[in-house]
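Chemist: Put together the whole structure using the sequences plus the hints.
These protein sequence lines map, in sequence, to chains G and D. Heads up: the first sequence begins at 1 in our numbering, then just goes up one per residue. Heads up: the second sequence begins at 1 in our numbering, then just goes up one per residue.
Don't read these hints as lab results, they were simulated from the structure. Mixed in with the good hints there might be a few duds.
[Said to hold, decoys possible] Derived lysine to any residue pairs resembling SDA-like cross-links, with alpha carbons at most 20 Å apart:
id, chain 1, residue 1, chain 2, residue 2
1, G, Lys108, D, Glu313
2, D, Lys7, D, Arg130
3, G, Lys155, D, Gly232
4, G, Lys304, G, Trp343
5, G, Lys320, D, Arg130
6, G, Lys56, G, Lys304
One letter stands for each residue in the lines below.
Number of protein chains: 2
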Amino acid sequence: MDEYIDKADIEARKRALQVFRERFKEIFEQIKRGENPTIMLPKRTLANTIYDEKRKLLLLGPEKLRRSFFDLHESKKFMQTLLMARIIYEALERDEYPTIRDLYYRGKHTIVYREPGGRRHEENTWDEQRESDAVIRDIEVFTGLLREEMLILSKEKGKVVGNMRIRSGNDIIDLSKMGHGAYAIEPTPDLIEFIDVDAEYVLVVEKDAVFQQLHRIGFWKRHKAILITSAGQPDRATRRFVRRLNEELGLPVYILTDADPYGWYIYSVFKIGSITLSYESERLATPKARFIGVSMTDIFGHGKKKPYLTEQERRNYIIKAKDADIKRAYELRNYRWFQTKKWQIEIDIFLKKKAKLEIEAMTSKGLRFLADKYLPEKIETGDWIE
Amino acid sequence: MDEYIDKADIEARKRALQVFRERFKEIFEQIKRGENPTIMLPKRTLANTIYDEKRKLLLLGPEKLRRSFFDLHESKKFMQTLLMARIIYEALERDEYPTIRDLYYRGKHTIVYREPGGRRHEENTWDEQRESDAVIRDIEVFTGLLREEMLILSKEKGKVVGNMRIRSGNDIIDLSKMGHGAYAIEPTPDLIEFIDVDAEYVLVVEKDAVFQQLHRIGFWKRHKAILITSAGQPDRATRRFVRRLNEELGLPVYILTDADPYGWYIYSVFKIGSITLSYESERLATPKARFIGVSMTDIFGHGKKKPYLTEQERRNYIIKAKDADIKRAYELRNYRWFQTKKWQIEIDIFLKKKAKLEIEAMTSKGLRFLADKYLPEKIETGDWIE
Chain G
1 MDEYIDKADI
11 EARKRALQVF
21 RERFKEIFEQ
31 IKRGENPTIM
41 LPKRTLANTI
51 YDEKRKLLLL
61 GPEKLRRSFF
71 DLHESKKFMQ
81 TLLMARIIYE
91 ALERDEYPTI
101 RDLYYRGKHT
111 IVYREPGGRR
121 HEENTWDEQR
131 ESDAVIRDIE
141 VFTGLLREEM
151 LILSKEKGKV
161 VGNMRIRSGN
171 DIIDLSKMGH
181 GAYAIEPTPD
191 LIEFIDVDAE
201 YVLVVEKDAV
211 FQQLHRIGFW
221 KRHKAILITS
231 AGQPDRATRR
241 FVRRLNEELG
251 LPVYILTDAD
261 PYGWYIYSVF
271 KIGSITLSYE
281 SERLATPKAR
291 FIGVSMTDIF
301 GHGKKKPYLT
311 EQERRNYIIK
321 AKDADIKRAY
331 ELRNYRWFQT
341 KKWQIEIDIF
351 LKKKAKLEIE
361 AMTSKGLRFL
371 ADKYLPEKIE
381 TGDWIE
Chain D
1 MDEYIDKADI
11 EARKRALQVF
21 RERFKEIFEQ
31 IKRGENPTIM
41 LPKRTLANTI
51 YDEKRKLLLL
61 GPEKLRRSFF
71 DLHESKKFMQ
81 TLLMARIIYE
91 ALERDEYPTI
101 RDLYYRGKHT
111 IVYREPGGRR
121 HEENTWDEQR
131 ESDAVIRDIE
141 VFTGLLREEM
151 LILSKEKGKV
161 VGNMRIRSGN
171 DIIDLSKMGH
181 GAYAIEPTPD
191 LIEFIDVDAE
201 YVLVVEKDAV
211 FQQLHRIGFW
221 KRHKAILITS
231 AGQPDRATRR
241 FVRRLNEELG
251 LPVYILTDAD
261 PYGWYIYSVF
271 KIGSITLSYE
281 SERLATPKAR
291 FIGVSMTDIF
301 GHGKKKPYLT
311 EQERRNYIIK
321 AKDADIKRAY
331 ELRNYRWFQT
341 KKWQIEIDIF
351 LKKKAKLEIE
361 AMTSKGLRFL
371 ADKYLPEKIE
381 TGDWIE
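Modeler: Encoded structure:
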């Protein structure tokens, strides 16, 4: 027994080992029965990725994939899957905390074999991490366990401050007592326990520097918010943490990004999930997340809504959209979850004006403007996009 | 008086405002005397960047630059400098916390003027952030204040855990009670107060994912270390924080990076400073920082030293160096601070083998190998590079 390892991790390992034994037992049974060992798992293809209108989530569809040992096209993939499963199983047993990069290295070797005639063959288990990562995803889908539940760690960028206390490992952490710094979210946010929370909503800021500014003037204290930054494209832990705040504590979640298709996509990843990894959405996405801004109607106004920027400010702050932005906007316009009236207005204004804007343009008007007028006013009047 | 703003910030503002008034007073005096207003400041050029052998730091040399209002070549730069100084001064007075991006936006506008003959001219204050950033650096050099002392904030990636307590803002934070998460370092680390520390050394890990792993198995508890990650190329706050731990607390600092020229450069930025920003080195660099690994002699051995990797492991883990890596290695070999015997051996082995290695190769041998054998053994036997 290692005094430095906490109990939640030990319990999580036991659960994962149990699931592995149950799910892979069938393969041993097949071998014992003299059958062709076969793994069946949902297809992780775009064609098998379905947008669930009701739950507002990207999910894997019903199509299954067979992966058999005695099938020339599938035997390498079959063996890769079992090799990776073994490596993860061993890591779980040995109290290891591998990363996906470790798992790639651990499995990487060359298999040498000779034909009965004597001819020598060499085959690498995998050459690139892309291959081993795909196998890890297959194992996630096959076992129904997220990699975090297998105690696989990764780098994390997400930070949080606010009026709440959490338990992580053996510690209780008061997220309102972080000084000018912040709490860096752990890679296994399902093991966090929410102890008490005194907040009215969650504000997720795309940019770390804007998070620092809002934190420093006490935004979350003034407005009873949990303040989070994803520091760009959100990682899995930040997404899961935000989802849990929304689902378990019932806190509304507002996402603040730059006014451009890249910012919209960040919002989309928080809300719907990533298209290539739809199997995780069910656990990581926050379907009720709201886009608070910066919106195109904030910049230019629309109908009765007045813009937050003057003509002069627009002239100084607006950035001309690049071809890649415009291409991205056309793509997003086709996604089902962007086919609401408000989003179509946003995208149309963007395509007409070919203009984008950074959050910093709002802080240039004064940090107090962003903190004490723009954000509270938009939240109060319901001026967000679902 | 704003209850949410802490006293350290108010004091810092007062100090910065005072320095601004003193330094810029001379220009008002010049105008009052009817002279050509002129700013004199050290040249921030490569030619005026000097490696101080004794202090082992990159510093600005004695060359000065004159920037006058009535000089056609310099008047725009002169006006930009005064414009930026005004914006920073106002932000200090108004309790703002701008970022360099904000400062760019705040100053960005078009000046329109007509010749006596009526011809209309337009001139932008600046077009790109590159320009306004250069002006901020000039003001740092001119005032002798780092941007952090002007309460200019920025995004921060650095994280820390360990047996120490600090005061930041109005809070006391126990860095040994962060659960599986970590403390995200604030953008103004000079305002941090070290309260008590029970550690024998500082280990800085380049990679966040490896930091997560070492943290999770309690490395810093077992070995009485302060564990830090820079999450790649270190930002200013992380560098300043590490420097203060070394200088004020006398803790040895070990830097752990990948075994490649990119990792060496990260070490170099911690130790010597960045070549383009040598004026900050005096405050941000840690001249006594030690490169703990992963070294080329760890991989291949050298003389009596046995390698940590077997022949088989080298075959699986080593990555072929790219042309860019080799070019970088030749550049680094010419830097004065890499011209020590140990570094020349490192670079020579790299150039001969054309091989690089990630830290993860060490964790693939087992996280316990990295934590309980490799690192402690190297620290105990003094197997680092100065």
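Chemist: Work down the list of hints and note, for each, if the structure agrees.
Modeler: Outcome of the hint check:
The hinted pair formed by lysine 108 of chain G and glutamate 313 of chain D meets the criterion: a straight-line CA distance of about 10 Å does not exceed 20 Å. For the hint linking lysine 7 of chain D to arginine 130 of chain D, the alpha-carbon distance of about 33 Å lies beyond 20 Å, and the restraint is violated. Taking the CA atoms of lysine 155 of chain G and glycine 232 of chain D, the gap is near 11 Å; set against the 20 Å cutoff, the hint holds. The suggested pairing of lysine 304 of chain G with tryptophan 343 of chain G holds, with an alpha-carbon distance near 17 Å, which does not exceed 20 Å.
Distance check on the hinted pair: lysine 320 of chain G and arginine 130 of chain D sit about 17 Å apart at the alpha-carbon level, within 20 Å; holds. Taking the CA atoms of lysine 56 of chain G and lysine 304 of chain G, the gap is about 30 Å. The hint is violated against a cut of 20 Å.
Violated hints for the displayed structure, listed by number in ascending order: 2 and 6.
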